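**Q** As a plain string of letters, each chain reads:
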Amino acid sequence: MSATETTTAAEGAPAGQSGRKLTTARAMAEGIAQEMERDAGVVVLGEDIGNYGGIFGSTTGLLEKFGRDRVLDTPISETAFIGLGIGAAVEGMRPVVELMFVDFFGVAMDQIYNHMAKIHFESGGNVRVPMVLMTATGGGYSDAEQHSQCLWGTFAHLPGMKVVVPSNPADAKGLMISAIRDDNPVVYMFHKGIMGLPWMAKNPRSVAPVPEEPYETPIGKAAVARAGSDATVVTLSLSVHHALDVAEKMAAEHGVDLEVIDLRSLVPLDSDTILSSVARTGRLLVVDEDYQSFGLSGEIAARVAETDPGLLRAPLRRVAVPDVPIPYARSLERAVLPTPERIEAAVRDLCKA
Amino acid sequence: MAEVVFPRLSENEPDAEGVLATWFVSDGDQVASGQLLGEVMVEKVSGEVLAPAAGQVHLLVGEDQTTRQGEVIARID
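These protein sequence lines map, in sequence, to chains A and B.
For reference, each letter of the first sequence is one residue, going 1 to 353 in this note's numbering.
For reference, each letter of the second sequence is one residue, going 1 to 77 in this note's numbering.
Just chain B, with the same shape it has in the complex (with noise of 0.2 Å):
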């Protein structure tokens, strides 16, 4: 079981908010190692969120949810 994290955007701030901006696969898909599973944004910067390891991703949050960096956004196993 693999933790997909929110990604850390803003060094200055490691606490910082953002959004889950987009997803790009479904709640239950299978995923491949390295696939791109969505887009975050912290303060009009814009990064992306790739897949740790392949299995069948559960997303944890939704679009436009407000997230903290480094929270546990999908869980694949």
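Isolated chain A, as found in the complex (with noise of 0.2 Å):
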């Protein structure tokens, strides 16, 4: 395989592709109705996620199949909802719970980080929250500084909840199976702007060919989107989607390889590809949607300077969201979102040297 052809292709998965392909959005329902078909526990609730199908399409077409005992559109309270799933799951069912906007989980976070996440330790291991709480992250249409957040970071940095974010129609799907199958709760954050949603900006790597049958991709691997040798890129979500974009213009235009790792997960984070990577290339950038202080970019480069700050041979560059709530305005929402005007700065800088 050649070093600008791209590898996002789910890991697990079996050979032979149909070709088909779906949208993240469908690519996340099939994967939720395939564990629905398989075991009876698996139930989906949330606000709109029955008839409507789920604001940005996550459970279209579960409510036909599989009908109101197992699809529940919630009244409007992430408390009673998001606490009804951890009920469900200590009981031993296996909910997916939504959590409509990822900016809502302040009214809610009680029940997300001291008892999801905490249950299965407060009981000495005797009791399992087996729950997948997935919900919608981003910006970059004008939603505002309450509509637009990703805050993995604050969820990652949280113990108790796994967190995975995929980037592609067929990770989406993969990592939805894991997520279910996991005795764990896990947090799956999904970006709008990956959706493939028809009344959003087109995204081309939004609909992308899934395998039929269900599979699992592993939660706590990386994987390499774009293998390079001058520099490493590290990112996550629909950042991986810009950078692989910047990588293909420097390419080009400039002679740069520029090596992508797609992060997938960030509980477990997979130190060991983030850190091979930045041994043989010497240079590193992290593209993070979230805010720049106190959160991933930060997490990342301190597992780099406790291995072996020498490993790089310029400063790190990070390309995140300033510290500052997400303005409404599109030129001042430009201004801080990780474009890839910014991402293809941040290149420069650090391959200058």
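Please keep in mind that the hints were generated in silico from the structure rather than gathered at the bench.
Note that this is a predicted model, so its numbers are computed, not measured.
Using N, Cα and C, we set each Cβ at its ideal position, and we do this for glycine too.
Some hints here could point you the wrong way.
Unchecked claim - Just the calculated beta-carbon pair ranges, DEER-fashion:
1. A/Arg-68 to B/Ser-10: 23 to 29 Å
2. B/Thr-66 to A/Arg-68: 34 to 40 Å
3. A/Arg-330 to B/Gln-30: 40 to 46 Å
Unchecked claim - Partial list, computed: chain B residues near chain A (C-beta under 8 Å):
4. Ala-21
5. Thr-22
6. Phe-24
7. Asp-29
8. Glu-39
9. Met-41
10. Ser-46
11. Arg-68
Claimed, not checked - Chain A residues, not near chain B, derived (Cβ > 10 Å throughout):
12. Val-107
13. Asp-182
14. Gly-196
15. Pro-327
16. Leu-332
Assembly of the complex is requested from the two constituent chains, each provided in isolation within its own frame, with the hints serving as guidance.
**A** Encoded structure:
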């Protein structure tokens, strides 16, 4: 496989794909549906996930297929229905609960980080909470400060829950199946911009081949989306798409060969893949749509520094959202998001020395 | 030979225009009856395009192309 081909196919997916393409949203819904067929204990609940199919299309078709006993449209109380999911999980079911926007976690944070994440430990390991909390993240469409955040750094920081962040349809399905089968609470965070929704700006990497049979994508393992030798770009979610676009441009126009790593999981974080890449290239750029300070990019920098600061031939760079509420005005929003322009400028800065 | 028609999402306006938002198959692909071929949108409401028969599909409109409800958007033979 040449260095310029993207390798975002799900690991562990059976060979010989049908070539059938799906949007990320439909791939998620298919993963949930196949697990619901396999295991009667899987149920889905959240706001507008039944009749509407999820406002970002993550549960399309589930109500028609499985009925109101297993697909529940809940009232507008995150504390109530996340608590309901925790109770069901503790009793042996496998609920998939949708938090409509990650920004809404505030009103239900106690349920999430003190109960969902801690009951297993508080019970001396006797009680399991095999629950998936899926949630929509990300901006870029003028939804402003309370509907555009990513916040995966916040969830990754708190112990007791796994955190997965797919960037493409094949991984979205495989990670959903892995998350449902996992006996731990898994926070599944999907960027609205990768869902392939017809009413959002079209993004070509949001529609891609997805194997038809069920398969697991391993949680805790990053993917090398593009192999390269000049610099390592560690990123996730929609930023993977932008990084790959920048990599194509830098290779064609400037002869710079970037390696792009798609993290896919934050908890557990695949340090080995990151470190082995940085050891080879010596240059590291982290692109993260979450807030810059006290988060993911700092964590990655720390893991490199505490392993061997000598790995870096140049100071590391990070492109993240500055520590401001995300603006509504399009011009201001574009100034804070990790756009291809900002990524390219950071790559040039990183590689000039 | 089977015709694939732009679904009627708006009953109030039979001649409403929409777009073929996304094709999930490529021109010339073999498809199964009932297979999801694509997604359309009429005024923010999205709908599915399913294959009426099995065979080789020929796409007649492009993505984001404005189309009228009821128009033939693909052929299967």
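**Q** Let me make sure I understand: some of the numbered hints might not hold for this structure. Which ones are they, in numerical order?
**A** 11 and 14
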